[in-house]
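Whenever a hint applies, use it, and build me the whole structure from the sequences.
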Amino acid sequence: MKKTNGKAIEFEHVDKWFGAFQALKKINLSVEEGEIVVICGPSGSGKSTLIRCINGLEPYTSGQVKVFDSLDLNQQKGKVGMVFQHFYLFPHLSVLENLTLAPLRSLKLSKQAAKDLAMHFLERVKIDDQADKYPAQLSGGQQQRVAIARSLCMMPRIMLFDEPTSALDPEMINEVLDVMVELAQEGMTMICVTHEMGFAKKVADRVVFMDEGEVIEIATPENLFNSPKHKRTKAFLNKILAH
Amino acid sequence: MSVNQAITRKPRYSFNLLDYMLILVTMVVIGWIYYRSSIGVNYHWNWKAAVDLIFTPSADGSLPYFFQGIISTLRLSLWGMIFASIIGILLGVARHSKIALFRLPATAYIQLIRNIPPLVFVFIFYFFISNQLIPLLGLDNLLRNHNAELSRLTYYLFGRSSLWENLLSGIFCVSLLSAAYIAEVVRSGLEGIEKGQWEAAYSLGLSRWSKYRYVIAPQVISNISPPLAGQAISLVKDSSIVALISIQELTFVGTEIANSSGLIFEIWLFVGLAYLIICLGLSLLFSKIEKTTRKHLEK
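As they're listed, the protein sequences go chains C and D. Residue 468 is where the first sequence starts when you use my numbering, and the numbers rise one by one after that. Residue 112 is where the second sequence starts when you use my numbering, and the numbers rise one by one after that.
Hints may be right or wrong, so weigh each one.
What the hints assert, rightly or not - Derived lysine to aspartate or glutamate pairs resembling EDC-like cross-links, with alpha carbons at most 20 angstroms apart:
#1 Lys701/C x Asp678/C
#2 Lys209/D x Glu525/C
#3 Lys668/C x Asp645/C
#4 Lys322/D x Glu525/C
#5 Lys492/C x Glu679/C
#6 Lys546/C x Glu310/D
#7 Lys706/C x Glu684/C
#8 Lys406/D x Asp599/C
#9 Lys701/C x Glu663/C
#10 Lys668/C x Glu689/C
#11 Lys533/C x Glu500/C
#12 Lys474/C x Glu499/C
#13 Lys322/D x Glu564/C
#14 Lys406/D x Glu564/C
#15 Lys701/C x Glu681/C
#16 Lys306/D x Glu525/C
Stated by the list, open to error - Which chain C residues face chain D? A few, computed with CB under 8 angstroms, are given here:
#17 His559
#18 Leu563
#19 Leu568
Please keep in mind that the hints were generated in silico from the structure rather than gathered at the bench. For glycine and all other residues, C-beta sits at the position ideal for the given N, C-alpha and C.
Written as structure tokens, this is what we have:
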């Protein structure tokens, strides 16, 4: 496969407590640069908490998470892009302004450079004709594609996806997955929390199955879907693949 | 979605049958009261004298006393709004803060102001703060003994220098009162921003300043502009209570003219009309502004 570049993310014995509830239990996981990892598992199993520890949205209780061999979160800002279930576009800014905000303010690009960058990524997610609209005027699928483009404008080395298609109407899921597949094929390091098993089979290098805050099983998509080793994995797959 | 639809629902003030019926009933009642008072109440309306009185220039040939009162109220309101906004925003942000050192004093102040009657506050303010604190700081001499020639703009913005101390007390009083209410509006505005907006801004690597300035503040302002407009109008009306501590604004002037002329009803109706015009004007202005700040929510 394509990876030779070293480690992008490394979890070492990570615990996370919310009060008396343990959301993550002794997580050990490393992701190579350029790797596509899909995380699946029942709701409440800690999938979102896990990826939110990578960019510091969720502080962990013990252990450590290294991103490109560094523990410094400030260094990672912008290098780790994140796409949310509910998009979280800035509603008061036009699509174009949503994309140029961070390049202008954080990367200190010139107006023209930021606009060129933004239009480049809007074209890539095939939404450049909507640049002057406001988020509320777009469909869910379009909004999510804008959100992906917005993250890409910061030139991230890792992209985190937190259930990017769960809030979408069925007919809009594919337009978002297409963008993600393209991104994967270009060699972006991606960690996706998703229930889209088709997507996992198509592009994932490894699939991580989590349950009750633990990593139960890590395997290639073929192995995990066709011959799961753990009975909890089997039970989960039976539930979601029943129909 | 439904929230957005509610906001952009177009004909907000279209009259229906019930409105017309209510207007009719109101007019009948007013007509009846007028009829009853004209035969029953022993009051001689003297509108001509009242109008003359209101438009008579002062002894020194400057603006009529009544209009000086209006300008004074406008001045008080303008500065009051500016200071109330500044103090209110600071208090609101402090109240939203995670740091108890900021949050607790702000909460205490807001609860204190909101739970004592404004009138009581005005008296406390006048006797303890205005009477004691301003002399203590030596501000009274500074303000009273300012003799330099005033430019026209300075005059309109601050009035005669002999009344500056008076004006300052009034502004302080009005804005300290209003700030507590604005703070609550600001806090609820901040709490109304989805957590995801903060997270999205964070994960794009925006600095704390950029996050507030470009992501959070514009949304808060757009969300709170209607209650804030209401607060500004309240402030204009509430400024009338500082007449009690001899701040020479519209109500104070109205009391003086009414009492000295005996044209009680006429003068007070004029005073009411003046407030009505100011507040209605503000309300129209704010609804215009609101329309432009909410453009992004349209479909």
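Here is how each hint holds up against the structure:
For the hint pairing lysine 701/C with aspartate 678/C, the CA-to-CA distance comes to about 12 angstroms; that is within 20 angstroms, so the pair holds. For the hint linking lysine 209/D to glutamate 525/C, the alpha-carbon distance of about 16 angstroms falls within 20 angstroms, and the restraint holds. The hinted pair formed by lysine 668/C and aspartate 645/C meets the criterion: a straight-line CA distance of about 14 angstroms does not exceed 20 angstroms. At most 20 angstroms may separate the alpha-carbon atoms for a hinted pair to count; lysine 322/D and glutamate 525/C meet this at roughly 18 angstroms.
Only pairs whose Cα atoms come within 20 angstroms are accepted, and lysine 492/C paired with glutamate 679/C is accepted, the gap being roughly 8 angstroms. Annotation: proposed proximity of lysine 546/C to glutamate 310/D holds, straight-line Cα distance about 15 angstroms (limit 20 angstroms). Distance hint between lysine 706/C and glutamate 684/C is fulfilled; the C-alpha atoms sit about 17 angstroms from each other, no more than 20 angstroms. Distance hint between lysine 406/D and aspartate 599/C is fulfilled; the C-alpha atoms sit about 13 angstroms from each other, no more than 20 angstroms.
Taken as a hint, the lysine 701/C and glutamate 663/C pair is honoured in the structure, with Cα atoms around 17 angstroms apart against an allowance of 20 angstroms. At roughly 7 angstroms between alpha-carbon atoms, lysine 668/C and glutamate 689/C fall within 20 angstroms of each other, so this suggested pair holds. Using a Cα cut-off of 20 angstroms, the hinted pair lysine 533/C and glutamate 500/C holds, with the two alpha carbons roughly 13 angstroms apart. For a cut-off of 20 angstroms, the pair hint linking lysine 474/C to glutamate 499/C stands: about 4 angstroms separates their Cα positions.
With a CA separation close to 14 angstroms, the supplied pair lysine 322/D and glutamate 564/C stays within the 20 angstroms bound. Between lysine 406/D and glutamate 564/C, the direct Cα distance comes to roughly 15 angstroms. Compliance with the 20 angstroms bound is thereby established for this hinted pair. For a cut-off of 20 angstroms, the pair hint linking lysine 701/C to glutamate 681/C stands: about 16 angstroms separates their Cα positions. For the given pair, lysine 306/D sits about 13 angstroms from glutamate 525/C by alpha-carbon distance, which is consistent with the 20 angstroms threshold.
With its C-beta approaching chain D no nearer than about 5 angstroms, histidine 559/C sits inside the 8 angstroms limit, and its interface hint holds. Here the hint on leucine 563/C is broken, as its CB sits about 13 angstroms from the closest CB of chain D, past 8 angstroms. At a threshold of 8 angstroms, the smallest CB-CB gap from leucine 568/C to chain D is about 6 angstroms, leaving the interface hint in force.
Checked against the numbered hints listed earlier, the structure breaks hint 18 alone; every other hint is satisfied.
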